[in-house]
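First to last, the sequence lines map onto chains A and B. Letter 8 of the first sequence, counting from 1, is numbered 8 in my numbering, and no numbers are missing. Letter 69 of the second sequence, counting from 1, is numbered 69 in my numbering, and no numbers are missing.
In short, the hints are calculated from the structure, not lab data. Since the structure is predicted, the reported quantities are computational estimates derived from the model, not experimental observations. All C-beta atoms in this analysis are idealised placements derived from N, C-alpha and C, irrespective of residue type, glycine included. Accuracy of the hints is not assured; some may be wrong.
What the hints assert, rightly or not - Chain B stretches covered by chain A per the calculated footprint, using a threshold of three residues with CB under 8 Å from any CB of chain A:
| no. | stretch |
| --- | --- |
| 1 | 35-46 |
| 2 | 60-69 |
To be verified - What follows is a set of in silico ranges between Cβ atoms, one per label pair, in the way DEER data are often shown:
| no. | chain 1 | residue 1 | chain 2 | residue 2 | range |
| --- | --- | --- | --- | --- | --- |
| 3 | A | Thr247 | B | Glu77 | 47 to 53 Å |
| 4 | B | Lys116 | A | Glu350 | 44 to 50 Å |
| 5 | B | Thr80 | A | Lys321 | 26 to 32 Å |
One letter stands for each residue in the lines below.
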Amino acid sequence: MADKRTALFPVHQKLGAKLIPFGGWTMPVEYTGIAKEHTAVRTAAGLFDVSHMGEFEITGRQALDLVQYVTSNNAALLTDGQAQYSVLPTPEGTAVDDLLVYRYSQERFMLVVNAANIEKDFAWIQSQNRFDAQVVNISDETSLLALQGPRAAEILRSLTPISLENIRRYHFAFGPVLGIDATISRTGYTGEDGFELYFPAHHSATLWNGILAAAEPAGLLPAGLGARNTLRLEAKLLLYGNDLDETTPLLEAGLGWVVRLDRGEFIGRDSLVKQKSDGVRRKLVGFEMLGRDIARDHYPVYINGKEVSHVSSGSPSITLKKNIGLTYLPVEHSAIGTKIQVLVRGRACEAEVVPTPFYKRKDS
Amino acid sequence: MNPEDLLYTKEHEWIRISGDTGTVGITDHAQSELGDIVFVELPKVGDKLAAGKSLGTIESVKAVSEIFCPVSGEIIEVNTPLVDAPETVNADPYGKGWLVRLRIENRPSEGLLSAKQYEEYVGQG
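So here's chain A without its partners, still in its complex pose (with noise of 0.2 Å):
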């Protein structure tokens, strides 16, 4: 099967962007190159074409109810214009995907899920349905653009009525932005503060070329999947498919804080208790390179000569100018200061665990 196209691709293309294989998408992974990308989202802001996300429409009288049972985090505090990140838990507390969770009304939510696993998605809450609520899959009439960076509060106020101050972190509004309605979301992958538009697809190139003729004099650049990857792995942001999948126990990949067992029950609650009470065995640790060799995604991870792990996401920090990776150790091999060696063509590397996120913005 072809691999599918945001309606973006001829911008895209027209950009002179890399365009590159990624879940089943064709997908820009650079335009002007992933350093300087990564650089404009830290200092100023970038704008990225995410619209290969998936978006799934819940709802009906039993619309909380459904979401409560299929995601591990407590929909039932947000309130209207909240939004939370969520996992959707397997029977055995391991992770079919993790996903943000939008509340419109009590009867109205949307489910934001990873491109790769949408089909997946859609097809497991539809099995998991026993409520009267209506799961509807919008992603191809949807699209979804990331603009991120300390400058894009105020690039987007230049293009909107809506008052951005009162749009707190993990909130939304609806609204127009250069005229086109959008849900405008402060939520976002690369550790800094940014706003996702979500919006009809058909209004694609209106909003991107608005958005970057408006915004260039204040240094927004468009940003690839390439940058997308380095900073939100300097944020520790985790990435479905490397750091997490269906083996993943939550508690092992550090989500305690998104699963909630104060409420009632949900797919993969007893699993999830008994997660917390025997404890994990092992730990998602970051980790930073001792020298110049690169930790590369599925590189074999040793301690005291024994493999005991890979790399689950390695790659240059732009930002901090390392080399840092996140791997899962033995909990009893995870505190900060371990040493620890990684196998780079052959040569075992030293390593050394360190406190994350890897970079924290000033501000937050």
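Keeping the supplied structure of chain A fixed, place chain B upon it in accordance with the hints.
Quick look at chain B alone, frame taken from chain A:
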């Protein structure tokens, strides 16, 4: 835009042959495809390499790429400043971004492309 006086490989290396000495680098196309280069690993002076064998590794932010030796020979000089400034390969792939010089053991009789042939090859690729 690829210099006429160089020979090229299908793996996107170039070699400048002068007498029995060859200077090797990667092409402008290769550096552009790789993106921001952040790491260069090269052989040591005195290493003997056969044509087609690994000469070293270049890593960009996103990717790891192996470099192959266009001809057989012994390494006589390594562009060590690249270790601290790997981005030079992006900025000047045919100049300051050269990788190694070697004493050629066997003049290659075939397999290397002219600038024109290489451009046609890349265009097709």
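Index of numbered hints that the structure contradicts, given in increasing order: The structure conflicts with hint 5 only, although it agrees with all the remaining ones.
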